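Residue numbers (our numbering): 2 to 158.
Bear in mind the hints are in silico, worked out from the structure with no lab data behind them.
Wrong hints could be hidden among the right ones.
When the alpha-carbon atoms are kept at most 25 Å apart in a straight line, the in silico BS3-like pairs for lysine-lysine are as follows [claimed, not checked]:
(1) K91 with K155
(2) K155 with K98
(3) K39 with K156
(4) K27 with K91
(5) K27 with K103
(6) K155 with K39
(7) K112 with K70
(8) K64 with K103
(9) K98 with K27
(10) K91 with K70
(11) K64 with K39
It should be emphasised that the depicted structure is a prediction, and the values quoted were computed from it without experimental measurement.
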Amino acid sequence: MKYILIFCFAFSMSSKAQSELQLEPKIENCAWIAGNWKGEAFGGQTEENWSEPSGGSMMATFKLINDGKVSFYEIEIIREIENSLVLQLKHFDNELKGWETKNETVDFPLKEITENRVVFEGMVFEKISDNEMNVFVDIENDEGDIQIVKFNYKKNN
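Just need the whole structure built from these sequences, with the hints factored in.
So this is what it looks like as structure tokens:
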């Protein structure tokens, strides 16, 4: 009985390992993120529009709408750099005035890519289906505590 349990455990671990096979840090392995996505967060409606991979990068716009008005925008890119990927973004208020200084970006270095997850340090994209994904973002509050905010998106076809 002990050997059967060990075999079952080993088999389940190898199945899990196969389903989470690491992929190369190439922009093409993020292609499933492309599309027009809508969801809810921060008490409002969110929109995120990702381009298809081209030129070694993907580009996105994001906006949050509260009470029928834009609260803020973001411009995001995922780009290949030094044999890896990095997600970089800039925030803008509803009048397109930048939150970060002129040459500053918020950077999220790549940690790993699997078939259904792209894990950056502080941001994770998780494929649920061809038409649904979750994005988890680490957000620091004024006290320095980290809160993980989940964005559930549906693809707008």
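Consistency of the hints with the structure:
1. Between the alpha carbons of K91 and K155 the distance comes to roughly 23 Å, so the proposed pair stays at or under 25 Å and holds.
2. For the hint linking K155 to K98, the alpha-carbon distance of about 29 Å lies beyond 25 Å, and the restraint is violated.
3. This hinted pair checks out: K39 and K156 have alpha carbons roughly 6 Å apart, not beyond 25 Å.
4. Pair hint K27 plus K91 holds up; C-alpha atoms about 22 Å apart against a cutoff of 25 Å.
5. Distance hint between K27 and K103 is unfulfilled; the C-alpha atoms sit about 28 Å from each other, more than 25 Å.
6. A distance of roughly 5 Å separates the Cα atoms of K155 and K39; the hinted pair therefore holds under the 25 Å criterion.
7. This hinted pair does not check out: K112 and K70 have alpha carbons roughly 35 Å apart, beyond 25 Å.
8. Taken as a hint, the K64 and K103 pair is honoured in the structure, with Cα atoms around 20 Å apart against an allowance of 25 Å.
9. Taken as a hint, the K98 and K27 pair is broken in the structure, with Cα atoms around 32 Å apart against an allowance of 25 Å.
10. Between K91 and K70, the direct Cα distance comes to roughly 20 Å. Compliance with the 25 Å bound is thereby established for this hinted pair.
11. The hinted pair formed by K64 and K39 meets the criterion: a straight-line CA distance of about 10 Å does not exceed 25 Å.
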